[in-house]
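A.B. asks: From just these sequences and the hints, can you work out the full model?
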Amino acid sequence: MNQTRTIKVENIARIEGEGKLLIKVRHSEVEAVHLDIFEPPRFFEAFLKGRHYKEVPDMVSRICGICPVAHQMSSIHALEQILGVTIDPQVRALRRVLYLGEWLESHALHVHMLHAPDFVGTTDVIQMTKTYPEEVQRGIKLKKLGHEIMTVLGGRAVHPINVRVGGFYKSPKKADLADLIERLKWGKEAALDTIRWVSTLPFPEYEQEYEFVSLQHPDEYPVNEGRLISSQGLDIPMSAYEEHFVEEQVANSNALHSRVKERGAYLVGPLARFNLNFDKLAPIAQQAAQEAGLNGTCNNPFKSIIVRSIEALHICDESLRLLENYEEPDKSAVDTEPRAGKGYSCTEAPRGLLYHYYELDEQGLVKSAQIIPPTAQNQNKIEEDLFRFVSENLEMPKSQMTAKCEQTIRNYDPCLSCATHFLKLEFDEE
Amino acid sequence: MTKTTRGKPKLAVWKFTSCDGCQLTLLNHEDELLKLLSDAELAYFPEATSSHLKGPYQLSLVEGSISTAHEAEKIREVRAASKYLVTMGACAMGGGLQALRNFKDAGEFTSVVYPMPDFVETLHKSTPISEHVTVDYEARGCPVNTNTLIQVVRAFLFGEPLPETNNRSVCVDCKKLGVSCIMLDQGITCMGPLTQSGCGALCPSFNRACAGCYGPRKFAHPEALERHWRQLGIPEAEIARAFRGIHSYAEPYRNHTLKEEAKVDESN
Numbered sequence: 005m006n007q008t009r010t011i012k013v014e015n016i017a018r019i020e021g022e023g024k025l026l027i028k029v030r031h032s033e034v035e036a037v038h039l040d041i042f043e044p045p046r047f048f049e050a051f052l053k054g055r056h057y058k059e060v061p062d063m064v065s066r067i068c069g070i071c072p073v074a075h076q077m078s079s080i081h082a083l084e085q086i087l088g089v090t091i092d093p094q095v096r097a098l099r100r101v102l103y104l105g106e107w108l109e110s111h112a113l114h115v116h117m118l119h120a121p122d123f124v125g126t127t128d129v130i131q132m133t134k135t136y137p138e139e140v141q142r143g144i145k146l147k148k149l150g151h152e153i154m155t156v157l158g159g160r161a162v163h164p165i166n167v168r169v170g171g172f173y174k175s176p177k178k179a180d181l182a183d184l185i186e187r188l189k190w191g192k193e194a195a196l197d198t199i200r201w202v203s204t205l206p207f208p209e210y211e212q213e214y215e216f217v218s219l220q221h222p223d224e225y226p227v228n229e230g231r232l233i234s235s236q237g238l239d240i241p242m243s244a245y246e247e248h249f250v251e252e253q254v255a256n257s258n259a260l261h262s263r264v265k266e267r268g269a270y271l272v273g274p275l276a277r278f279n280l281n282f283d284k285l286a287p288i289a290q291q292a293a294q295e296a297g298l299n300g301t302c303n304n305p306f307k308s309i310i311v312r313s314i315e316a317l318h319i320c321d322e323s324l325r326l327l328e329n330y331e332e333p334d335k336s337a338v339d340t341e342p343r344a345g346k347g348y349s350c351t352e353a354p355r356g357l358l359y360h361y362y363e364l365d366e367q368g369l370v371k372s373a374q375i376i377p378p379t380a381q382n383q384n385k386i387e388e389d390l391f392r393f394v395s396e397n398l399e400m401p402k403s404q405m406t407a408k409c410e411q412t413i414r415n416y417d418p419c420l421s422c423a424t425h426f427l428k429l430e431f432d433e434e
Numbered sequence: 125m126t127k128t129t130r131g132k133p134k135l136a137v138w139k140f141t142s143c144d145g146c147q148l149t150l151l152n153h154e155d156e157l158l159k160l161l162s163d164a165e166l167a168y169f170p171e172a173t174s175s176h177l178k179g180p181y182q183l184s185l186v187e188g189s190i191s192t193a194h195e196a197e198k199i200r201e202v203r204a205a206s207k208y209l210v211t212m213g214a215c216a217m218g219g220g221l222q223a224l225r226n227f228k229d230a231g232e233f234t235s236v237v238y239p240m241p242d243f244v245e246t247l248h249k250s251t252p253i254s255e256h257v258t259v260d261y262e263a264r265g266c267p268v269n270t271n272t273l274i275q276v277v278r279a280f281l282f283g284e285p286l287p288e289t290n291n292r293s294v295c296v297d298c299k300k301l302g303v304s305c306i307m308l309d310q311g312i313t314c315m316g317p318l319t320q321s322g323c324g325a326l327c328p329s330f331n332r333a334c335a336g337c338y339g340p341r342k343f344a345h346p347e348a349l350e351r352h353w354r355q356l357g358i359p360e361a362e363i364a365r366a367f368r369g370i371h372s373y374a375e376p377y378r379n380h381t382l383k384e385e386a387k388v389d390e391s392n
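If you're matching them up, the sequences are chains G and S in order.
Residue numbers for the first sequence follow the working numbering, so the first one is 5 and each next one is one higher.
Residue numbers for the second sequence follow the working numbering, so the first one is 125 and each next one is one higher.
None of these hints come from the bench; they were simulated from the model.
You may find that some hints are simply not true.
[Said to hold, decoys possible] Straight-line C-alpha distance at most 20 Å; calculated EDC-like pairs for lysine to aspartate or glutamate:
id : chain 1 : residue 1 : chain 2 : residue 2
1  : S       : K178      : G       : E14
2  : S       : K159      : G       : D128
3  : G       : K145      : S       : E156
4  : G       : K134      : S       : D155
5  : G       : K265      : G       : E251
6  : G       : K53       : S       : E156
7  : G       : K148      : S       : D155
8  : G       : K53       : S       : D155
9  : S       : K159      : G       : E139
[As the list claims (entries may be wrong)] Label-pair ranges, simulated between beta-carbon atoms:
id : chain 1 : residue 1 : chain 2 : residue 2 : range
10 : G       : E396      : S       : E284      : 49 to 59 Å
11 : S       : Q355      : G       : R325      : 48 to 58 Å
12 : S       : H176      : G       : V338      : 48 to 58 Å
13 : S       : Q310      : G       : D365      : 20 to 30 Å
14 : G       : D183      : S       : S162      : 24 to 34 Å
15 : G       : H56       : S       : H194      : 54 to 64 Å
16 : G       : E138      : S       : T129      : 28 to 38 Å
17 : G       : K53       : S       : N379      : 48 to 58 Å
18 : G       : Q236      : S       : L286      : 50 to 60 Å
19 : S       : H194      : G       : R325      : 48 to 58 Å
20 : S       : K178      : G       : E211      : 34 to 44 Å
We put the CB at the ideal spot given by N, CA and C, even for glycine.
C.D. replies: Dropping the structure here:
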């Protein structure tokens, strides 16, 4: 083996956005791991300054076409905190279903189109349709169910237009939801079958140590509300986020990297939510997890494909319940008046915790804004995982190593549009 | 060869500065996409596949605006490798929401977001694809309208007819659908009169003003609409912000905003 080896992936495939990977090995020791995000910066925090609070949800939606609802929800909750708004319980329920629709779409996409090809050894889902036609068709239908939830409640699946500070522009009629209700009943069965299928995929024996961070709510699986907790004992209100987490800029990346101040790298997303909130999953999802061999704990990042599928089942179960109990609210939104102040919100995007902070002036114009997406929070942990994987597998042939590194990255479903907002792989030996 | 050895035309999908939403919109139409791919080869689409066939390509779909020196170079390579080039969405067509920085000092913007701005490589402006290379068709929307896009893709891959074009505004769609006028009813800025029809008056159907996702139609006249807004008593600041949206850098809004900024500078 050469004394110095460089693994370089120029544009990592099947992730959201663009990035590259550089790993340097010298004298059989990993010297450096850099996940370079080369998504060009788009300066959202800068051009939000001077905008009226009512314009913010539509603007931040454009940060990410995969999780627009997440950005809309984090911004709306932060702004409503400033404006002193209390929303109607039915509006709250609809927001939750809309957000879960985005989770379902994102998870079904990642499980079937981005992640599964790694386990079955194909380059993409198109190849997979030849060997797994039924599984792929089911996955596509689940994904469609996700975007139809978003279309019915939000107007369209990418950059929904129906959400606003205070509620919705127009609330759906009960009759509008009948078709979704029937399809969610199918969705529960389909998600169960998906869990049974993905739990038979070949998983390496590989456990990581994580500090998991997610929201926690007393009665619900975390989505829009709750306290911020971690597996290392952190338990804080959202407003204390910046006291406990720091964002740092690193060379060669347009994404800022986050860490827990006292300790270092941490992980947000489905694995974190699952490990910290297992008892809040729908009973049917808990049972399916146990049948898949996960008793409330999962530290194997490759198995995140099972966890996403378990969340998909939870999504269908909970959305079904919420829509069956829906009554049209008297008003689709509460009126809001400008007020100066500061607001903080964390919500659970499909990929994990998404922090938004705003300060408004007395006219309701944005004085300052800060947005910390899940991928920026996970980047340190992804690099640590790659560091360990390469260190333990130095004798692995080049092409296999490259493929495994890419898979390691995809385990975390990174979204680079958000993190600057990611990646393709080239393997080079010096 | 723009075709594979089996005679299938090669399709490539490229991303520049953007949110990935247009590519996702394409993936959201899996059935049409899979049907299309039985007769064409997906030669490059990193978000969906790790396989990569070399060019030339029969058709390249391009998402996003040009905002770095690397991108300005890459788009010329994409053009050179493609028989036809079709852009998807508002960023590619007008520079996108991120083009709002074109009216300010990009250096100032970088320092708001990044503590060490020197590490960040960016051009001063986010610009449309058509400012860099010849574009064969611009598919509109934020996100792109997939029905139109699939038709356009079939047209350039298989020689089927292009979608019909018109110069109708969103207002025409509101009237057709019987949606009552949001601008007059609510006394708020609505981009509908200037905006190219194509979304089926989505926002007005949800009881809100058009945000102008599909961009200015031909002969759009911002000054006339502004006068109308003033008559409705809409505050000046609100009027100024209305043009600084998803298509701020598309003409005629670009020139309009630059003129307005020059007036503000003079009065200071």
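A.B. asks: With reference to the structure, classify each hint as holding or not holding.
C.D. replies: These are the hints, each one checked on the structure:
{"no.": "1", "hint": "S:K178 to G:E14", "verdict": "15 Å, holds"}
{"no.": "2", "hint": "S:K159 to G:D128", "verdict": "16 Å, holds"}
{"no.": "3", "hint": "G:K145 to S:E156", "verdict": "14 Å, holds"}
{"no.": "4", "hint": "G:K134 to S:D155", "verdict": "15 Å, holds"}
{"no.": "5", "hint": "G:K265 to G:E251", "verdict": "9 Å, holds"}
{"no.": "6", "hint": "G:K53 to S:E156", "verdict": "41 Å, violated"}
{"no.": "7", "hint": "G:K148 to S:D155", "verdict": "10 Å, holds"}
{"no.": "8", "hint": "G:K53 to S:D155", "verdict": "41 Å, violated"}
{"no.": "9", "hint": "S:K159 to G:E139", "verdict": "18 Å, holds"}
{"no.": "10", "hint": "G:E396 to S:E284: 49 to 59 Å", "verdict": "53 Å, holds"}
{"no.": "11", "hint": "S:Q355 to G:R325: 48 to 58 Å", "verdict": "50 Å, holds"}
{"no.": "12", "hint": "S:H176 to G:V338: 48 to 58 Å", "verdict": "51 Å, holds"}
{"no.": "13", "hint": "S:Q310 to G:D365: 20 to 30 Å", "verdict": "24 Å, holds"}
{"no.": "14", "hint": "G:D183 to S:S162: 24 to 34 Å", "verdict": "29 Å, holds"}
{"no.": "15", "hint": "G:H56 to S:H194: 54 to 64 Å", "verdict": "35 Å, violated"}
{"no.": "16", "hint": "G:E138 to S:T129: 28 to 38 Å", "verdict": "31 Å, holds"}
{"no.": "17", "hint": "G:K53 to S:N379: 48 to 58 Å", "verdict": "24 Å, violated"}
{"no.": "18", "hint": "G:Q236 to S:L286: 50 to 60 Å", "verdict": "58 Å, holds"}
{"no.": "19", "hint": "S:H194 to G:R325: 48 to 58 Å", "verdict": "49 Å, holds"}
{"no.": "20", "hint": "S:K178 to G:E211: 34 to 44 Å", "verdict": "41 Å, holds"}
Comparing the model with each earlier hint shows violations of hints 6, 8, 15, 17; every other hint is respected.
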